[in-house]
Amino acid sequence: MEDMFLFIIEVIGTIAFAISGIRLAAYKNFDLFGAYTVGLVTAIGGGTLRDLLLDIPVFWMQTWWYLAVTGLSLLVVILFRRVLVSHNKMLFVFDTIGLALFVVIGIQKTLAVGYGMWVAIIMGMITGAFGGVLRDILINEEPLFFRKDIYATACIAGGIAYWLVGFVSHDPIIEQIACAVTVIALRTLALRYNWSLPVIRYD
Amino acid sequence: MEDMFLFIIEVIGTIAFAISGIRLAAYKNFDLFGAYTVGLVTAIGGGTLRDLLLDIPVFWMQTWWYLAVTGLSLLVVILFRRVLVSHNKMLFVFDTIGLALFVVIGIQKTLAVGYGMWVAIIMGMITGAFGGVLRDILINEEPLFFRKDIYATACIAGGIAYWLVGFVSHDPIIEQIACAVTVIALRTLALRYNWSLPVIRYD
Amino acid sequence: MEDMFLFIIEVIGTIAFAISGIRLAAYKNFDLFGAYTVGLVTAIGGGTLRDLLLDIPVFWMQTWWYLAVTGLSLLVVILFRRVLVSHNKMLFVFDTIGLALFVVIGIQKTLAVGYGMWVAIIMGMITGAFGGVLRDILINEEPLFFRKDIYATACIAGGIAYWLVGFVSHDPIIEQIACAVTVIALRTLALRYNWSLPVIRYD
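Residue numbers (the working numbering), protein chains in the order written: chain C, 1 to 203; chain B, 1001 to 1203; chain Y, 2001 to 2203.
Hint data in this document are derived by calculation from the structure and do not stem from the laboratory. If you're wondering where the values come from, they're calculated on a predicted model, not measured in any experiment. It cannot be assumed that every hint is accurate.
What the hints assert, rightly or not - With a straight-line Cα cutoff of 20 Å, these simulated SDA-like cross-link-like pairs (lysine to any residue) come out:
#, chain 1, residue 1, chain 2, residue 2
1, Y, K2109, B, V1058
2, B, K1028, Y, K2028
3, B, K1028, Y, L2054
4, Y, K2109, B, K1028
5, Y, K2028, C, I137
6, B, K1109, Y, L2197
7, B, K1109, C, T63
8, B, K1028, Y, N2140
9, C, K109, Y, S2196
10, Y, K2109, B, I1056
11, C, K28, B, K1109
12, B, K1109, C, I137
Unchecked claim - Between beta-carbon pairs, the in silico distance windows are:
#, chain 1, residue 1, chain 2, residue 2, range
13, C, T63, Y, L2075, 41 to 51 Å
14, B, F1092, C, R192, 53 to 63 Å
15, B, I1078, Y, V2181, 30 to 40 Å
16, B, P1172, C, F5, 39 to 49 Å
17, C, M117, B, M1090, 49 to 59 Å
18, C, H87, B, I1008, 50 to 60 Å
19, Y, V2199, C, L189, 30 to 40 Å
20, Y, A2185, C, V93, 38 to 48 Å
21, B, M1004, Y, F2059, 37 to 47 Å
22, Y, V2093, C, T63, 31 to 41 Å
23, Y, F2059, C, T63, 50 to 60 Å
24, Y, A2185, C, I78, 56 to 66 Å
25, C, V181, Y, W2065, 29 to 39 Å
26, Y, N2194, B, G1071, 24 to 34 Å
All C-beta atoms, glycine included, are put in the ideal place defined by N, C-alpha and C.
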């Protein structure tokens, strides 16, 4: 039951990430194959770097459904582009839920390999945020990552929440929920109140 | 005898890929070392990502001849640039043969590790097409990959041909030839008849 | 005593590399988190690629001090930016010492895995120069690497010095010093006398 729930959330997250990549590719008039590739890289890029750094089997090579779900996302963008344009808020919700789950998954996998919490926090951030960096590199844009800071910062904050809750409770479910809620809350509040980190200047 | 034949083809493919990278570097007036590096990355980048994803020893670190052949390619570009400019067709032939063999090698290596055919098809495409993506990222151009779609699509089609022939024959030689011929035919026809995949739009 | 000395030099090198990344990020008005990330990637990017290619545990995931030292570098840039602007020469000295040590470390680690000297020379170069390439890709600039050639060439020359001295002496300390001195000397002389490799042209 709980596994099924996590699976559905992960599918939603993957679709949301893939759609965000495919939309950017569409703005640049990529062909279908290019759009699919950008969507795929956005959705699986972070987890791939995490698995390479942890030296564990790369997750999307173990089951074909990540590729299939990205294909579905491409179909969604083609068929419903007009609906998507007017539902940016819905996409943001999906994207944020996906981000939160990706962070949780990155932390879990890293702890399972035996690394300490500080490595897990970084891997959670990489899982959540690196796909978008790769997407921006592929389409030759300056990574948004470095401007929309709260994105990656929210991942780090979620990881710290996971760690702090671990001092009080050792129930992984509670740690995961604390992490996910922190990511979602911080990102939502940052958007609403236009939060951003201070900019560094150099004369 | 057959190994010798494959070896010669692989040398030709590596040289063709290296030359394509070095030519682009030369257009941008890179120095000799930069041109060498771009040529090397174009030739070995795809296989390197494949080996990292498969978690097997990186192929070009096992023998020095890939580096040597790239050096030879640099020499060829320096000495014969005028000849090369007027022989674009010859370069296209070499490049396409190299691409076909790179796809075959990528598929073979992936199957040898024990992954299924769908992973092998993707690894064939990565082996063939990712070096060019890396080259474009290094010289800070938008990857041609996303515009000249038939390139990567031909790799995928070759992989599917390999897979389909496997239902009829289990002779790896026949599967390989089917794969290579598909890649070469599709890419040649795409150039001649100006084929391309539909572009995705987003208003 | 010697370990302590190497440790101090490595800290200086990491700080110098991180500062070079953070300064570039500051020129582009990145926020604090983006600047930290660019600094980190500059400092650890080369070693990370080396460890992935060698298939050994990634060095910065084994101890938190690389992350801490990068945080210190961020603080230094924020607090002392005016001093830094007028002390470019000091930064160059740190950066060059760091580069030399990174090359030595890359060579040592590669030989320890059992690869031959030619792989070690390339890994020394990757350890020293690839962080800067990654930095330039992240901030979407054409890698300086391909213009300021003597940088990577000095790494290669240092590796060759290491190898040549090995024919005369088998004392690793002497090989390391020969390597480091070559890198430092070549880079310093190249700056002073404005050395550069010939540019490749293509009409």
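Each hint, compared with the structure:
no.: 1; hint: Y/K2109 to B/V1058; verdict: holds (16 Å)
no.: 2; hint: B/K1028 to Y/K2028; verdict: violated (24 Å)
no.: 3; hint: B/K1028 to Y/L2054; verdict: violated (32 Å)
no.: 4; hint: Y/K2109 to B/K1028; verdict: violated (35 Å)
no.: 5; hint: Y/K2028 to C/I137; verdict: holds (17 Å)
no.: 6; hint: B/K1109 to Y/L2197; verdict: violated (38 Å)
no.: 7; hint: B/K1109 to C/T63; verdict: holds (19 Å)
no.: 8; hint: B/K1028 to Y/N2140; verdict: holds (16 Å)
no.: 9; hint: C/K109 to Y/S2196; verdict: violated (47 Å)
no.: 10; hint: Y/K2109 to B/I1056; verdict: holds (19 Å)
no.: 11; hint: C/K28 to B/K1109; verdict: violated (35 Å)
no.: 12; hint: B/K1109 to C/I137; verdict: violated (28 Å)
no.: 13; hint: C/T63 to Y/L2075: 41 to 51 Å; verdict: holds (44 Å)
no.: 14; hint: B/F1092 to C/R192: 53 to 63 Å; verdict: holds (54 Å)
no.: 15; hint: B/I1078 to Y/V2181: 30 to 40 Å; verdict: holds (32 Å)
no.: 16; hint: B/P1172 to C/F5: 39 to 49 Å; verdict: holds (44 Å)
no.: 17; hint: C/M117 to B/M1090: 49 to 59 Å; verdict: holds (58 Å)
no.: 18; hint: C/H87 to B/I1008: 50 to 60 Å; verdict: holds (56 Å)
no.: 19; hint: Y/V2199 to C/L189: 30 to 40 Å; verdict: violated (52 Å)
no.: 20; hint: Y/A2185 to C/V93: 38 to 48 Å; verdict: violated (59 Å)
no.: 21; hint: B/M1004 to Y/F2059: 37 to 47 Å; verdict: holds (41 Å)
no.: 22; hint: Y/V2093 to C/T63: 31 to 41 Å; verdict: violated (52 Å)
no.: 23; hint: Y/F2059 to C/T63: 50 to 60 Å; verdict: violated (31 Å)
no.: 24; hint: Y/A2185 to C/I78: 56 to 66 Å; verdict: holds (59 Å)
no.: 25; hint: C/V181 to Y/W2065: 29 to 39 Å; verdict: holds (31 Å)
no.: 26; hint: Y/N2194 to B/G1071: 24 to 34 Å; verdict: holds (26 Å)
Violated hints, listed in ascending order, are 2, 3, 4, 6, 9, 11, 12, 19, 20, 22 and 23; each of the other numbered hints is respected by the structure.
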